[in-house]
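Sequence lines, in order, name chains A and B. Counting from 1, one number per residue, gives the positions in the first sequence under the working numbering. Counting from 447, one number per residue, gives the positions in the second sequence under the working numbering.
You may find that some hints are simply not true.
Below are the DSS-like pairs computed for lysine-lysine, each with C-alpha atoms no more than 25 Å apart in a straight line [as the list claims (entries may be wrong)]:
| # | chain 1 | residue 1 | chain 2 | residue 2 |
| --- | --- | --- | --- | --- |
| 1 | B | Lys456 | A | Lys347 |
| 2 | B | Lys456 | A | Lys203 |
| 3 | A | Lys277 | B | Lys793 |
| 4 | A | Lys306 | B | Lys752 |
| 5 | B | Lys528 | B | Lys588 |
| 6 | B | Lys490 | B | Lys452 |
| 7 | B | Lys854 | A | Lys343 |
| 8 | A | Lys343 | A | Lys203 |
| 9 | A | Lys44 | B | Lys793 |
| 10 | B | Lys456 | A | Lys343 |
| 11 | B | Lys752 | A | Lys220 |
| 12 | A | Lys6 | B | Lys490 |
| 13 | A | Lys203 | B | Lys452 |
Derived Cβ-Cβ restraints for the label pairs, each shown as a range [what the hints assert, rightly or not]:
| # | chain 1 | residue 1 | chain 2 | residue 2 | range |
| --- | --- | --- | --- | --- | --- |
| 14 | B | Arg484 | A | Gly152 | 41 to 51 Å |
| 15 | A | Val31 | B | Glu696 | 53 to 63 Å |
| 16 | A | Glu67 | B | Lys649 | 19 to 29 Å |
| 17 | A | Glu70 | B | Leu888 | 54 to 64 Å |
| 18 | B | Asn451 | A | Leu123 | 29 to 39 Å |
| 19 | A | Asp210 | B | Leu678 | 46 to 56 Å |
| 20 | B | Lys649 | A | Asp66 | 20 to 30 Å |
| 21 | B | Glu546 | A | Lys6 | 41 to 51 Å |
| 22 | A | Lys142 | B | Ser618 | 37 to 47 Å |
| 23 | B | Glu589 | A | Glu114 | 32 to 42 Å |
| 24 | A | Asp210 | B | Asn451 | 19 to 29 Å |
Calculated from the structure, these hints are not laboratory results. Ideal Cβ placement from N, Cα and C applies to all residues, glycine included.
2 protein chains.
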Amino acid sequence: MKTFNKEELKELLLTQAPNALEEIFEEIHPVDILDALRDLEDDKYTILKKLPNWLVADIFEEMDEDEQQEALNIFSEIDQFKIINEMSSDEITDLLGNLEPDRVDRFLGNIDKEEAEEVKELLTYEEDTAGGIMATEFIAIKEEMTVIDTLGYLQATGLDAETVYYLYVLDSNEVLTGILSLRDLVTATFDTRISDIMTTSVKSIPVNMDQEEVANIFQKYGFQAMPVVDSLGEMLGVITFDDIIDIVREEDNEDIYRLGGLSEGEAVDGPVIDSVKSRLPWLLVNLVTAIIAGATVGLFSSTIDKLVILATFNPIIAGMGGNAGTQSLTLIVRGIALGELSKENAKRVFLKEVIAGLINGVAIGVVVAILGLIWANKPIFGLVVGVAMILNMSLATIVGYLVPVTLKKLNVDPALASAVFVTTFTDVCGFFFFLGLATMFLKYLM
Amino acid sequence: MKTFNKEELKELLLTQAPNALEEIFEEIHPVDILDALRDLEDDKYTILKKLPNWLVADIFEEMDEDEQQEALNIFSEIDQFKIINEMSSDEITDLLGNLEPDRVDRFLGNIDKEEAEEVKELLTYEEDTAGGIMATEFIAIKEEMTVIDTLGYLQATGLDAETVYYLYVLDSNEVLTGILSLRDLVTATFDTRISDIMTTSVKSIPVNMDQEEVANIFQKYGFQAMPVVDSLGEMLGVITFDDIIDIVREEDNEDIYRLGGLSEGEAVDGPVIDSVKSRLPWLLVNLVTAIIAGATVGLFSSTIDKLVILATFNPIIAGMGGNAGTQSLTLIVRGIALGELSKENAKRVFLKEVIAGLINGVAIGVVVAILGLIWANKPIFGLVVGVAMILNMSLATIVGYLVPVTLKKLNVDPALASAVFVTTFTDVCGFFFFLGLATMFLKYLM
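The shape of chain A in the complex, shown without the other chains:
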């Protein structure tokens, strides 16, 4: 069979009656069909309506939330039910999570009963916990079965494309007692009992675990999928690695965006209005903090009036503090996100930051002290510049540690607003140290 590039796929979608193409579509990844549809713009929905329901369901699973909502509404309600019936429980849950409650009820009343029950349960979990990302489709077997029994069972029931490469061994109370990978199944002789080849030291995820922690566990162990259990050990669902890659990207992006002063959800290629909405609130917060920094300078107007060279060194001292603070802030925010900063090492890390801040502060402080001495041709001016720099950079490094750690303790995302706090602090302190010292020693400086 030939593989299609995007242009060929667009051609195919446009010119042929999609009903005739079912067999071809089975071989093409739905995300490729979605890519081609996106490119077709005007004809996108006309073609989507002609595709078979199972394929529309697969394509829906690849869409972003907004795109999904828009696409769903082009179908009649009857067709919406049919499409949703083809989707997996976790995807239905994500889709319904964005709809009004009465519409959710109508959907749940019109899809497969068993699936509706599962979705109802999934809807009770928080979106960013293990329960919110798991799927409820998995294959349960009993430990008394043999390999040939199991193969017969799988051949009879089939395996959904959503299903993972593990079989889960449950006891009569639905409690997870073992795991068997398809790898172990196919390499064992037919008469082997499942109990002899299953793994019994099972790692499972508690249903209410935060998704960031789930991602760190997956990364640590490298499993393809992990079972999710309730507090009694009853198996509720599975989480698969492909959800994890998305979560890792989502959480990393959130950190990067927040550190850069952007709101989540701003797309590179989105409309201008989104960019303004994403950025302007942060800019306004920053404006308040910039005014506080400016006002600090204003406090020392009379000193600057007497010694205008202070205005030249002002941005150097404040700026370097900002840089040092951003460095330790970045390290700490990542350390928290990746679970590398723990209660056990917090004190040691703090101490390390203090010393590193001091060393870097002294190194940069000496350089600017010499610069100040030469520029102003006064040793004491160099001393004031140098001491202010050391104080500001050391403090900046400490603040870069304390702000995210404090936010974390308050259960606020450490990346959120950290950058604003840290740079405000370093600006205000930088100006205060430098201009304050200069005011104290003004008579020696003039």
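Use these hints to put chain B onto chain A, whose structure you have.
Quick look at chain B alone, frame taken from chain A:
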């Protein structure tokens, strides 16, 4: 079987003769044993030396590079050969990549011949390309085989824990013609021919593709593993999702660190000397740029001398430019990393940035103009402040787009040094616009 927590595992490692524990260790994930060993500090290597070679090899695969090198050297050369013989080709390649050439040759001469050949080939690929991350272990089958033939073959040969959940169908020239998942294998009846159930529209990765692009493809399609082929379509190896999660984290971390002015490899919990080495070079670069910014202010000393309120507004205008620039920089750096900024949409994105910069600039500009008017009690001062702010923020947004895009064109990582360029630019321009305008209109301002 019981599962062990870290304390129990430490106890077990310390008190029992590890030889007696082989069966227990088979059920424990090597990363958990490594965690326990790390905690044991002094006894770490004594215990490691007592463990069976296959387990040491598994534990090695979980270690960081430095840790691996240190641990390797506690073994005699003979034991080193034995341990390495138990590792998979891609892990051996990573390990040997850090050794001196003559030591590499000695290793290759003392391990399994076939494996040595594979490792030699893997060593020829760049570390951050598909060839550098793939493993050469995979199961190849022929399309004429039936399901029962294949099961018999797998039962006879066994499947390594490293092997993926796909079987690869190769023709007589080793060219990849189809893929069969274990899922499809176990659900098909025994007499089914492989050619009837294999997928022929195979997505494969060219051996020289950059790892960042590989990660984006995995994320797009959600595959568990993908085959790597050369330019003739011959299959060379496989890349698995667990490598991809590591790469995503590595690439994201690199972006975050570089945007925050840190060098890669600085660990949260590392020694002070690492922190100084990671940060001081960036701080020195920043110092140069801060001095340029300060010198720009110095150019206008006589203006500030006449109108000291300018020193108060200076940091506000420069700071807000920095914030606006950092926002668009962050968005563009991520857009490039995630493959969302392309040739096709570059112009549209640029235009969006220009307009967003202008809108935000005007919004903030109006606020500070009013503030300036009130503070200085002179409408013309408000006008100067407002215009300087609009100019600086608009330009900052454009620079935030242009710097990473230009670095990318020059084949430099867009995250590298971008932040330094952008904030220097916005500082210098902010001071220049504001103090320049103030100098021009000085007689109306006093």
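Tell me, in ascending order, the numbers of any earlier hints that this structure violates.
Going through the list in order, the structure violates hints 5, 7, 11, 12, 15 and respects the others.
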